[in-house]
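One letter stands for each residue in the lines below.
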Amino acid sequence: MDLPARVALLLAALAVAAALWSLRQRGSGRVRAVDAGTTLPSAWTPRDGADLTLVQISSRYCSSCARSARVWTAAVADRPGVGFVEVDAEDHLDVVRGLGVLTTPTTLIVDAAGALAGRVSGAPSPRQAAEALDQPIGAAR
Amino acid sequence: MSITHGDRAADVAPASGGIDPRGPRFGAALTAVLLVLAVVLGPGAGTTVLAVVVASFALGAVHGAQGTWQGWLFKRLVQPRLAPPAEREDPRPPRFAQAVGLVITGAGLLLTVLGLDWALPVFGVLALVAAVLNAVAGFCLGCEIYLLLARFRGARS
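Sequence order for the protein chains is X and C.
Following our numbering, the numbering of the first sequence begins with 1 at its first residue and continues without gaps.
Following our numbering, the numbering of the second sequence begins with 1 at its first residue and continues without gaps.
With the rest of the complex left out, here is chain X (with noise of 0.2 Å):
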């Protein structure tokens, strides 16, 4: 390989991770329909008559998991009848599997029947994590 083709190589690598990265920031942070049929294990569904769970899938090398804990965090605690729950990927692998779920951390939402009622990709912003908490509980009442 000489030179010039290095440089193109470079540059078209480039400019194709540059695309991709913005596809996904298309996407990050944003509440995304699901297919309800899906069955979550007994443990996410709500508890204490929640209206609605967070569930954050997290791994164990993840660097915006945390951030994103925080945020949904924040989040839940003026809004009685929302609760957050954290799980570990690795231990609910057949779950991510058939979710499709690629990246950490990826949240569900689900609703107070135990139905899956969103996902949201990516760490929110404050103001993302707001908007997915007001859209499904408005829209169930």
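Heads up, some of the hints might be wrong.
[Claimed, not checked] Where chain C lies over chain X, by a calculated footprint (3+ residues, C-beta under 8 Å):
(1) 5 to 12
(2) 84 to 96
(3) 100 to 107
Treat the hints as calculated values from the structure; they're not laboratory data.
For clarity, every value in this text was computed on a predicted model and none was experimentally measured.
Backbone N, C-alpha and C define an ideal beta-carbon position, used for all residues, glycine too.
Mind docking chain C on chain X? Use the hints.
For chain C alone, coordinates are given in the frame of chain X:
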């Protein structure tokens, strides 16, 4: 309302203290510069530069990103000029990413030394993409790979 730590993820939370998250990103920027140099110089002089990158990743895989020469430069030259970080970070994810960087650049170095000249630009560019995403966006590509490996491992068992 209720905040529960389901299981092992609880000890995923940063240990007391943690590192300045800007340190690994600064280090990744230096690594990116070296990788551009290695790819542009090509087999020969570029191989030597790639060897320096491999050695740096080896340090990072053992001591964490803060234990590399880039981490030392950050602590000595950059951090004193910055405001304290808004939040600190668990050092384990960046350290794991250093190990992933070691595997990728190490494979590239090995194949280059064995005479496969295409290996230097291909593996160098691969590592460069990861370093640039880390430096510019704080994105940890090595960390993403961990979950994918865990999924694969689980699928076989």
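Quick rundown of the hints versus the structure:
1. Counting residues of the region 5 to 12 of chain X whose beta carbon lies closer than 8 Å to any beta carbon of chain C gives 5, which reaches the threshold of three, so the coverage claim holds.
2. For the region 84 to 96 of chain X, the assignment as covered by chain C holds, since 11 residues bring a beta-carbon within under 8 Å of that chain's beta-carbons and 3 suffice.
3. Counting residues of the region 100 to 107 of chain X whose CB lies closer than 8 Å to any CB of chain C gives 4, which reaches the minimum of 3, so the coverage claim holds.
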